[in-house]
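Chemist: What follows is each chain in one-letter form.
There are 2 protein chains.
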Amino acid sequence: MNNNKRSAVSTVPKANPLRVGFIGLSAVKGWAIKSHYPAILQLPSQFKITALLNSDLESSLNTIKKLKLTHAKAFADVTSFASFTDVDMIVVSVKVPNHHGILTKLLEHSVKNPNLKYLFVEWSLGSNLREAEDIYKAAQKRGIQTIISLQGRKSPYIVRAKELISEGCIGEINSIEIAANGGWYGYERPLKSPSYLYDIESGVNLISHSFGHTIDLLQYITSSYFSEINSMMFNNIPYQELLDEHGKRTGKKVPKTAPDHLLFQAALANGNVPVSCSFKGGTPVKKFTKNLVIDIHGTKGDLKLEGDAGFAEISNLVLYFCGMKAADPGGPSSTSKADEANETMEVYHLRNYNSVVGNILRIYEAIADFHFKSNPRHNLPAKLERQGFLFEGFPTFKDALILHRLIDKVFQSSEEKKTLTVPIVS
Amino acid sequence: MNNNKRSAVSTVPKANPLRVGFIGLSAVKGWAIKSHYPAILQLPSQFKITALLNSDLESSLNTIKKLKLTHAKAFADVTSFASFTDVDMIVVSVKVPNHHGILTKLLEHSVKNPNLKYLFVEWSLGSNLREAEDIYKAAQKRGIQTIISLQGRKSPYIVRAKELISEGCIGEINSIEIAANGGWYGYERPLKSPSYLYDIESGVNLISHSFGHTIDLLQYITSSYFSEINSMMFNNIPYQELLDEHGKRTGKKVPKTAPDHLLFQAALANGNVPVSCSFKGGTPVKKFTKNLVIDIHGTKGDLKLEGDAGFAEISNLVLYFCGMKAADPGGPSSTSKADEANETMEVYHLRNYNSVVGNILRIYEAIADFHFKSNPRHNLPAKLERQGFLFEGFPTFKDALILHRLIDKVFQSSEEKKTLTVPIVS
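Protein chains in written order, with the UniProt record's numbering: chain A, 1 to 426; chain B, 1 to 426.
No wet-lab data here; the hints were simulated from the structure.
No distinction is drawn between identical chains; accordingly, a pair holds when it is met within one copy or between any pair of copies.
The calculated lysine-lysine pairs, modelled on DSSO-like cross-linking and capped at a C-alpha distance of 27 Å, are:
no., residue 1, residue 2
1, K105, K137
2, K300, K290
3, K162, K290
4, K383, K112
5, K286, K325
6, K73, K48
7, K5, K162
8, K192, K253
9, K287, K300
This structure is a prediction, so every number in the text was calculated from the model and none was measured.
Let the sequences and hints guide you as you build the complete structure.
Modeler: Rendered as structure tokens:
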């Protein structure tokens, strides 16, 4: 089955588009204008921006004007935004340290908002596990369909890798290696780079983002959580040199408390598969290897994903596969001879795929399919508590919470110098 | 300095060759005939085999006849062999589980042997740390120059890598990844393969040999021991299927208690460098990557070693280097501009290098240089207690003991599920 082919089976809804209230969309800067906004633009029958909230009203009004958001109303505070009834879905794309404050307030003040059904938040859910649990509980209490932007799960390469593995094309997985370069945490830092990225307290760092997204994808591809993990964290570069806008060294040094390297090794719960990860924190880049390599070895083949940066969720990847053709469900069980005849190879790459927009777009598509029931293939419950390892649907706050728990264990393992058991996900 | 160029500076000794007593050289089978013997053959002015001991006298007599070892005498037991005075050096190449018994007896009964000066033993020294300590102490008590066959230290690729790093060509090392495939410990086992290789008690396994040799080389290249380590061991294949002499499956399964995967992550004492290792235990081989990859990243460049098997000490490797030209010792300190002008690349490979013989040969050369003082470059003490990270000399029982201690920690870390501190080597 080809889970990447959506267009053939999804239809344009007959109903009105979902009305979107957006927190953190600015026409002039930030993440949303580069990713969420172009994605929404491509789905005009499914989504329409009707409300906008930014740190100041001015910015929202400017954005409405610049982007010609004729249906959108600008708000000055979370409280009034939360009770605006002309909204079916709220999207939050602000810096993570502000998630907890905004989301708890939003969920509290939207209780009586009759139309609000969906809440879509950027990863990570909170700055730490405690915040994430708080937000998760608040959303549960409010009763709302949650979506988290672990958008790599929608990457065509990730979906294809998951397909190949779930169809037995590499046999049983017996080992995995990941080496990645997380970009920001090297010897130098651009002058304009926001300082919270380098502050361990903010919860936005090599572990939460470069590792967090990647390891979520690994679990998603292999359809398995971890049973046991060990980690060692390094902050070998406690001071970074500032670079000016031309990339020249300024000679000025600033402190960094966030780690610049993570070593992580673990066993997957399914099959007790050994997984080895090395996450490097930035420049200089590697000369003889890609900055993202995921190597999956199985009893009947291998699968490799490569990308140019340690952010699998926003990188255009290349998938290399060597193994067996997908087994005929009604066919005989495999033998050496049959295996030989069934050997195959594949290199999968979409040259012009814009992964910054594309993966997020596919999350929006999944939300639309869920809401409008526009994909006959999907057979999802009325409320999606957790995507888990389904091809269909989208990751939820529950998926986010599971990942937050793993990340918390990673910090704990490094601090306590222990190999830790990961509680079974229920 | 080019530490690989020996021939230009070493000379043929004026004295008689060293007389070698060999334990475990058979003309028809085993390791020594493939490695030690061809090495000795290439150094006729430096070494001469004068005594032979095997498990039975018959085999020694046959070997003397077949190899035309006209100067050699066959012995029936360790005791008489140990007191034979026509010997300067004893080489031991028998299976590791027999090391402790043979070596302790040999050292005990050779006390009064006036000419015996050198004892050269195959890695690993013992089946475990306790045995290794015993043997080390017995050798100390006897008073003899020891040599251990951690022969990868003499590999031209390893020496070149060590040179590049010690000359600052990749700057400060900031991270290292190793992925290797240790060959024997997969789903299948040849019928003829000796069963002790698959028995955890024998002390010959993925950890002691594939990992042991490789990690010794990493420490040697980087001139650093480890400060902290964590390991996770896996025996996911408790039964292997036997293959007949044609490589066909027999359907018969035999138990395996030795691990088939090792995850190891650690910090080097020098610079707190994160090191990530994944040692896979055998077939199927990897499709998209070499079966040995050592990736060393520095602040000014990268260095990569690749080989076809997870046994760096007997593999012909390829070295890839990208970084700086060796610094002019009297030159100015480095700047960005100077760095740019000094960038260079190198691919180093000796197409016809026989690494099975070559690395061992270079150990014999080092012993000869040490004994005959035939290399004017060498400035070694009269007794080499430990090679440590010197280019000159050869690894000794002390180096072996240090490696045994690390391997013991690796087992301990996996059993206790802890990240352990490695005591400082004194």
